Amino acid sequence: DAGVIQSPRHEVTEMGQEVTLRCKPISGHDYLFWYRQTMMRGLELLIYFNNNVPIDDSGMPEDRFSAKMPNASFSTLKIQPSEPRDSAVYFCASSSGRNEQFFGPGTRLTVL
Amino acid sequence: QKEVEQNSGPLSVPEGAIASLNCTYSDRVSQSFFWYRQYSGKSPELIMSIYSNGDKEDGRFTAQLNKASQYVSLLIRDSQPSDSATYLCAVKRVSGYSTLTFGKGTMLLVSP
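Here the protein sequences line up with chains W and D, keeping their order.
For the first sequence, the working numbering gives the first residue as 1, with consecutive numbering after it.
For the second sequence, the working numbering gives the first residue as 1, with consecutive numbering after it.
Read the hints as simulated data drawn from the structure, not as lab findings.
Among the hints, a few may not be true.
[Said to hold, decoys possible] DSS-like mimics (lysine-lysine), calculated; alpha carbons at most 30 Å apart, straight line: (1) W:LYS78 <-> D:LYS67; (2) W:LYS24 <-> D:LYS92; (3) D:LYS42 <-> W:LYS68; (4) D:LYS56 <-> W:LYS78; (5) D:LYS104 <-> W:LYS24; (6) W:LYS24 <-> W:LYS68; (7) D:LYS56 <-> W:LYS68; (8) W:LYS24 <-> D:LYS67.
Note that the structure is predicted; figures quoted are calculated from it, not measured.
Please put together the full structure from these sequences, using the hints given.
So this is what it looks like as structure tokens:
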């Protein structure tokens with residue numbers, strides 16, 4: 001079975017531009033999580049969905065961040081406008097029920 | 001107070017030795033505990049989960065949990081250079097919707 005798929009793997013953009021990160025969870029998983037990882041703050045949960053419904057977005061840092069899950073096989077995390085402090089690795093993870101989470105390969109975002 | 005604390009390391013051990021990685025957590029109602037391994041530039045990979053006090057062994061890995069002391073550890077026997085990675089401790093409540101809280105990780109270096 002394919003694991004969690006994320007795209008793009010690397011993104012370099014300029015401050016003020018819109019950035020869209022994409023995720024395809026493992027088929028059959030009903031939970032999807034978006035994380036951000038930096039050296040300073042470690043791995044932080046941004047938002048998670050259950051059955052395509054956002055459950056907790058308290059980790060979303062600002063209104064510039066938004067996430068959607070239009071169906072069970074696709075989710076996006078959007079940053080508009082992007083800022084240099086948004087530079088980080090963004091991971092998507094999925095799980096079945098309340099079991100172990102499986103992570104995608106991540107998107108390394110650099111905002112110049 | 002940080003919710004999940006780990007020594008950032010690096011923890012250096014020679015090949016063949018036992019590596020001991022430690023984690024403390026602050027939320028007493030935490031019930032599920034996970035160890036993830038993250039190679040440089042890669043995504044976290046689940047290697048162990050533990051739910052009850054005591055030891056749980058899986059190959060060269062042993063997870064130890066002491067809920068009274070709010071302490072969880074990971075022992076790696078016969079350490080190999082391929083074990084060199086950052087090890088993330090994650091903690092989860094059981095009741096209701098529940099997310100993982102990650103420590104910042106301990107870097108392990110195994111020298112040949």
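Legend entry - Given hint LYS78 (chain W) paired with LYS56 (chain D) - CA-CA distance at most 30 Å: violated, 40 Å
Inset, instruction - Would you mind confirming whether the straight-line C-alpha gap from LYS24 (chain W) to LYS67 (chain D) stays at or under 30 Å? - result: Judged against 30 Å, a Cα distance of about 36 Å means the pair is violated.
Inset, instruction - Please work out if LYS42 (chain D) and LYS68 (chain W) have their alpha carbons no farther apart than 30 Å. - result: holds, 25 Å
Inset, instruction - Please work out if LYS56 (chain D) and LYS68 (chain W) have their alpha carbons no farther apart than 30 Å. - result: Violated. LYS56 (chain D) to LYS68 (chain W) sits at ~38 Å, over the 30 Å cutoff.
Legend entry - Holds or violated: LYS78 (chain W) to LYS67 (chain D), with C-alpha atoms at most 30 Å apart: violated, 39 Å
Inset, instruction - For the pair we were handed, LYS24 (chain W) and LYS68 (chain W), check the Cα-Cα distance against 30 Å. - result: holds, 12 Å
Inset, instruction - Could you grab the alpha-carbon distance between LYS104 (chain D) and LYS24 (chain W) and see if it respects the 30 Å cut-off? - result: holds, 26 Å
Legend entry - Given pair status - LYS92 (chain D), LYS24 (chain W), alpha carbons within 30 Å: Distance ~24 Å between LYS24 (chain W) and LYS92 (chain D) Cα, so the pair holds.
When each numbered hint is compared with the structure, violations occur for hints 1, 4, 7, 8.
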